[in-house]
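Required output: the full structure, derived from the provided sequences and hints.
What follows is each chain in one-letter form.
Protein chains: 2
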Amino acid sequence: MSLLVAGTVAFDAIETPFGKTDRIIGGAATYISLAASYFTSSSRIVSAVGEDFPPEYVGLLKDHGIDTEGLEIKKGEKSFFWSGKYEVDMNYRETLATELNVIENYHPVVPDSYQDSEFLMLGNLLPDVQIAVIEQLVSRPRLIVLDTMNYWIENTPASLKKAISMVDVLTINDSEARQLSGEYSLPRAAKKILTLGPEYLIIKKGENGALLFSGNKMFFAPALPLEDVFDPTGAGDSFAGGFMGYLAKIGEVNFESMKNAIVTGAAMASFCVEKFGTENLVNLDKTIIYNRIRQFSELIRFSDMEIK
Amino acid sequence: MSLLVAGTVAFDAIETPFGKTDRIIGGAATYISLAASYFTSSSRIVSAVGEDFPPEYVGLLKDHGIDTEGLEIKKGEKSFFWSGKYEVDMNYRETLATELNVIENYHPVVPDSYQDSEFLMLGNLLPDVQIAVIEQLVSRPRLIVLDTMNYWIENTPASLKKAISMVDVLTINDSEARQLSGEYSLPRAAKKILTLGPEYLIIKKGENGALLFSGNKMFFAPALPLEDVFDPTGAGDSFAGGFMGYLAKIGEVNFESMKNAIVTGAAMASFCVEKFGTENLVNLDKTIIYNRIRQFSELIRFSDMEIK
Chain A
-8 MSLLVAGTVA FDAIETPFGK TDRIIGGAAT YISLAASYFT SSSRIVSAVG EDFPPEYVGL
52 LKDHGIDTEG LEIKKGEKSF FWSGKYEVDM NYRETLATEL NVIENYHPVV PDSYQDSEFL
112 MLGNLLPDVQ IAVIEQLVSR PRLIVLDTMN YWIENTPASL KKAISMVDVL TINDSEARQL
172 SGEYSLPRAA KKILTLGPEY LIIKKGENGA LLFSGNKMFF APALPLEDVF DPTGAGDSFA
232 GGFMGYLAKI GEVNFESMKN AIVTGAAMAS FCVEKFGTEN LVNLDKTIIY NRIRQFSELI
292 RFSDMEIK
Chain B
-8 MSLLVAGTVA FDAIETPFGK TDRIIGGAAT YISLAASYFT SSSRIVSAVG EDFPPEYVGL
52 LKDHGIDTEG LEIKKGEKSF FWSGKYEVDM NYRETLATEL NVIENYHPVV PDSYQDSEFL
112 MLGNLLPDVQ IAVIEQLVSR PRLIVLDTMN YWIENTPASL KKAISMVDVL TINDSEARQL
172 SGEYSLPRAA KKILTLGPEY LIIKKGENGA LLFSGNKMFF APALPLEDVF DPTGAGDSFA
232 GGFMGYLAKI GEVNFESMKN AIVTGAAMAS FCVEKFGTEN LVNLDKTIIY NRIRQFSELI
292 RFSDMEIK
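The listed protein sequences derive, respectively, from chains A and B. Okay, so the first sequence: first residue is -8 according to the working numbering, each after it adds one. Okay, so the second sequence: first residue is -8 according to the working numbering, each after it adds one.
A hint or two may mislead.
Note: identical chains are not told apart, hence a pair may lie in one copy or across any two.
[Stated by the list, open to error] Capping the alpha-carbon separation at 25 Å, the derived lysine to any residue pairs in SDA-like fashion look like this: (1) Lys76 x Lys250; (2) Lys182 x Asp219; (3) Lys183 x Phe9; (4) Lys11 x Met81; (5) Lys182 x Pro223; (6) Lys11 x Ser176; (7) Lys277 x Thr89; (8) Lys266 x Gly75; (9) Lys208 x Val273; (10) Lys183 x Ile241; (11) Lys208 x Ala88; (12) Lys182 x Glu289; (13) Lys66 x Glu85; (14) Lys183 x Glu265; (15) Lys66 x Pro223; (16) Lys208 x Arg285; (17) Lys182 x Glu265; (18) Lys183 x Val273; (19) Lys250 x Gln286; (20) Lys65 x Asn274; (21) Lys182 x Ser150.
Honestly, the hints are just simulated from the structure, not real lab data.
Structure representation (structure tokens):
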């Protein structure tokens, strides 16, 4: 089934204890659509870049079967640029530069050919832009998933709450869930956040896995403990891409299918962090991916307990 | 099968954002043996307290079927005392007081009646005391498990490495595993630590679960996300108690049985943190425990993936 991805397509410059990159392709929509491309052959991007964006980067997306009709190339403008430096504990990073550029006054335009999209992933962006994408769709997609970050919780809380009320699934990380709810306990935070509208909440805990909440149900998927983590940039977006790609592939939306979608997302995130930027994400195949998903099953499988 | 527990029996005074306690019963051997008591009817303690230790606290252990012949009550001495204050993020705590007292020059004495112990759990203590317990046992137990902490990694590294080389299983937390190995990646840290001697390594990650390593095998058990965490004191020791109790109960020692033992340990830790001190741990029964273990299975269970 078709997947529409809205989010940034951008330049990143990344420094980690293991090396650094020049300006490379980055942005939420890039990671999401690349990760999803291994599961659905019909994905589309709504985003904008400046005229400095290299055609070969657009070509990279097209090579993965991603429809870029909705990727506007704005003359006279520059692409969004982010630069950051990670510590040895890669949960901590310093932002060295954020240049919004083309994103600053971005008004998304959803092409007519995207109107039949059945799944919508709203990558981290201004909540008003996320709302504008939803409102441009004539018929509501079967599933709308929204990702956000602490910046919008702090700076545009009203718009963010409106956006959250319009979607089926919210994905945020653990510190953001605590910030948004004012509750430290994640099960308590989840209960509060679910009253804002979404049927499902995914709390991402980075190297400590992810939790899915809906009603009174709870599911946990671990992250795979890796020998080498080179660059965590894009991990959350690769997770979202694997999650949406899996659901778009099987076309079933319920708590059980979301469990598998989360494990798939965790697998895609694990590939992402093993190399810089999108380097690993662009060179996968189904066998590699399913072997990794099997590693997740093996990691947590234990036999039933003797009960007596 | 019989379980010998060596470790502190002590007073704790605890402050958390949810309240504070006076001096209550604490210590590694207390939590370990109480948690294990639900699985094995034959557990014994080697430890020492001062004459200030209330007989009713010793009675509490006896009521749980724990043999206290090896718990020396030293005339003219005071019991070990620890006091600490936890922050909202209970991974962080401030130690307000540590009075070693009777533990300062403790020479353990293993009673003859304990010589047939098949399982030995060495709770966090001076490595030389842990070694002395092992050396007093005429025939080696089937399984020796050692817990330690950063203090001994920093202050008595040679004794600690000797102690580690004598045991089958080492349990430490993630930051200690990194400190001991000099490796940030936990799988890399595990490989290095396993060269020190133990066949198995358990890395405890608090609210983020626990990892088991042996050879090239790896298993992960989550912690149960709880609505209320009142006091994390003793969680790691309750984990060790559930782990050892389960193994002593089923009498099988291999990677598969250790998986179940770790889930059992995680369940016991989850009970421990829901109330102050040992309050919850002393009032459980098998039905409550096995229902909780089932929650762990449900938390992580997902169906096999479609692979095509």
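The hints, checked one at a time:
{"no.": "1", "hint": "Lys76 x Lys250", "verdict": "neither (33 Å within a copy, 38 Å between copies)"}
{"no.": "2", "hint": "Lys182 x Asp219", "verdict": "between (35 Å within a copy, 13 Å between copies)"}
{"no.": "3", "hint": "Lys183 x Phe9", "verdict": "between (40 Å within a copy, 20 Å between copies)"}
{"no.": "4", "hint": "Lys11 x Met81", "verdict": "within (14 Å within a copy, 35 Å between copies)"}
{"no.": "5", "hint": "Lys182 x Pro223", "verdict": "between (29 Å within a copy, 23 Å between copies)"}
{"no.": "6", "hint": "Lys11 x Ser176", "verdict": "between (36 Å within a copy, 19 Å between copies)"}
{"no.": "7", "hint": "Lys277 x Thr89", "verdict": "neither (35 Å within a copy, 56 Å between copies)"}
{"no.": "8", "hint": "Lys266 x Gly75", "verdict": "within (16 Å within a copy, 42 Å between copies)"}
{"no.": "9", "hint": "Lys208 x Val273", "verdict": "neither (35 Å within a copy, 29 Å between copies)"}
{"no.": "10", "hint": "Lys183 x Ile241", "verdict": "neither (30 Å within a copy, 42 Å between copies)"}
{"no.": "11", "hint": "Lys208 x Ala88", "verdict": "neither (40 Å within a copy, 42 Å between copies)"}
{"no.": "12", "hint": "Lys182 x Glu289", "verdict": "between (31 Å within a copy, 19 Å between copies)"}
{"no.": "13", "hint": "Lys66 x Glu85", "verdict": "neither (31 Å within a copy, 57 Å between copies)"}
{"no.": "14", "hint": "Lys183 x Glu265", "verdict": "between (35 Å within a copy, 21 Å between copies)"}
{"no.": "15", "hint": "Lys66 x Pro223", "verdict": "neither (32 Å within a copy, 58 Å between copies)"}
{"no.": "16", "hint": "Lys208 x Arg285", "verdict": "both (24 Å within a copy, 14 Å between copies)"}
{"no.": "17", "hint": "Lys182 x Glu265", "verdict": "between (34 Å within a copy, 19 Å between copies)"}
{"no.": "18", "hint": "Lys183 x Val273", "verdict": "neither (38 Å within a copy, 32 Å between copies)"}
{"no.": "19", "hint": "Lys250 x Gln286", "verdict": "both (15 Å within a copy, 16 Å between copies)"}
{"no.": "20", "hint": "Lys65 x Asn274", "verdict": "neither (29 Å within a copy, 67 Å between copies)"}
{"no.": "21", "hint": "Lys182 x Ser150", "verdict": "within (21 Å within a copy, 49 Å between copies)"}
Violated hints, in rising order: 1, 7, 9, 10, 11, 13, 15, 18 and 20; the structure is consistent with all others.
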